[in-house]
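Chemist: Using the sequences plus the hints, can you model the full thing?
Protein chains in written order, with numbering that gives the first Met the number 0: chain A, 0 to 163; chain B, 0 to 294.
Any given hint could be a false lead.
Claimed, not checked - Covered stretches of chain B (chain A as the covering partner; in silico rule of three or more C-beta atoms under 8 Å from a C-beta of chain A): (1) 222 to 232; (2) 245 to 256.
Claimed, not checked - If we take Cβ atoms under 8 Å as the criterion, some of the chain B residues that face chain A in the derived model are: (3) 196; (4) 200; (5) 201; (6) 240.
To be verified - The calculated label-pair distances, taken between Cβ atoms and stated as ranges, are: (7) A/127 x B/187: 20 to 26 Å; (8) B/60 x A/103: 52 to 58 Å; (9) B/95 x A/103: 18 to 24 Å; (10) A/104 x B/29: 38 to 44 Å; (11) A/103 x B/29: 33 to 39 Å; (12) A/155 x B/148: 30 to 36 Å; (13) A/128 x B/210: 25 to 31 Å; (14) B/262 x A/103: 48 to 54 Å.
No wet-lab data here; the hints were simulated from the structure. Glycine included, every Cβ here is placed at the ideal spot set by N, Cα and C.
If you want the building blocks of each chain, they are given just below.
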Amino acid sequence: MARTRRLLSGAAKDAFLKRMLDAEPGLDDETRERLTRTLQSSIALVARRHGELPIQAPEEANTVLEEDSPSEAAEHDLAEAATVAPDVEPFDPYSPNVIVVFRTRGRDAALAELHTIEDVECLRLLAREQQLGIASDLADAADIRQAIVAAAERRIANRRAAAS
Amino acid sequence: MARFLAIANRKGGVGKSTIAVMLAHASAAWGKKRVLVVDLDTQCNASLMLIGGEGWDKARRAGRTISDYFYDRFDKVAEDESHYVAANIGDVAHPRAARGRVSLLPGSLMLEDVQGELYLKQAKRGSNPDKVAQDVRGRMMRLIKHFGHDFDYVILDCPPGLSFAALAAIDLADQVVVPFRPDYVSQFALDRVALLIERVETADQLAAVPFVDRRYICLPNYVTGKGRERLLIDQIALDHPLLQSRVPLLDSVARAFDWEESKKTMAEKYGDALPHLRALHDEVFGAATWLAKAG
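Modeler: Structure, rendered in structure tokens:
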């Protein structure tokens, strides 16, 4: 039976981070605050990059964790995270490798591969990670796909021009 | 006669010297081969890794470097090649009875100046500049080739750029390993060094040479496994033959080249990089590899 993916997020995530850092000896309040903020923004960035919408942890789990000691709670969270298997593959911005598809199977194949990605943000992320520059004002998925393929074509031409 | 393996890339900072020294150690320790490293890079990193600062200083004061060798030979000084070789060096312990050894023709800070001087000397004889350049390069190649008699492998650690010495080494090599960092500019560097090695002028001419017939093979080095690296490696693999081995970015590799006089085992020297080096060694020097076939 497929398990439900559950990401620690929102208040539960903040509480988890606080407990982790409280359990760390030798951190003053200012450092602890700074680390908490850095970790929060980093986790948010990673979640956004992977196209994951954080799902609020159930309240009951949150309550149980807050009753534990910091280190016990942290272990509880980590163990739980390890046993929860994802039912959705995170978006991989490196697949398809647009340049490789374009060069081996042609422009139409590259476009067809991109059609398997519907989400506009995922397309943007793919373009950014594959360094295929597209205009930031494009909003339509079809336009973005066309722009990605055009950028791949430019990149191939760019390399070829320098090669001889 | 030895097989000549050049470690080359016009681009600097791709790990040519570390790969050259790693392969030398591996071939001596595991393949039981007599290996000579010829340090053609004026940074002399391979020399420093193999004999340390004092050892290298001693070699240059004694006139036993690659520059001295070229100078003497162009001036027809008749020292035997072995005069210039630091024999059985490196900080890896080899059993006394074992045949495998690493030796070094030490590098020189002066090599670029020497090349200029040799060029000018030849030019005074009145030939056209291209012919003089070819003569110097050809003469260097033949001089390096003399070292092939006493070794199983001669590993040519090439400098970045296109000096006469680098070109001579590429001309002489049976095979060329081209280490690269998987980043944006590296693909341009690979494209250009490939033209040089295959002696063609355009990307189309290069594409017409089947991978199995190419004299070079590329090695992804300093690999971290990031997505962008995978993209680039896959893109590079469309145009250039690649080794299966990947050399990861590891502290243990960097630490391995802090010179220490005490001898170590390969495991002590290379730490967690050892399995990667083993795979690289087997792929480069194994019985069924391209280098073996090249012989």
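Chemist: Against this structure, judge whether each hint is valid.
Modeler: Here's how the hints hold up against the structure:
no.: 1; hint: 222 to 232; result: holds (count 4)
no.: 2; hint: 245 to 256; result: violated (count 0)
no.: 3; hint: 196; result: violated, 14 Å
no.: 4; hint: 200; result: holds, 7 Å
no.: 5; hint: 201; result: holds, 4 Å
no.: 6; hint: 240; result: violated, 16 Å
no.: 7; hint: A/127 x B/187: 20 to 26 Å; result: holds, 22 Å
no.: 8; hint: B/60 x A/103: 52 to 58 Å; result: holds, 56 Å
no.: 9; hint: B/95 x A/103: 18 to 24 Å; result: violated, 54 Å
no.: 10; hint: A/104 x B/29: 38 to 44 Å; result: holds, 42 Å
no.: 11; hint: A/103 x B/29: 33 to 39 Å; result: holds, 37 Å
no.: 12; hint: A/155 x B/148: 30 to 36 Å; result: violated, 47 Å
no.: 13; hint: A/128 x B/210: 25 to 31 Å; result: holds, 28 Å
no.: 14; hint: B/262 x A/103: 48 to 54 Å; result: holds, 49 Å
Going down the numbered hints, you'll see the structure goes against 2, 3, 6, 9, 12, while the others check out.
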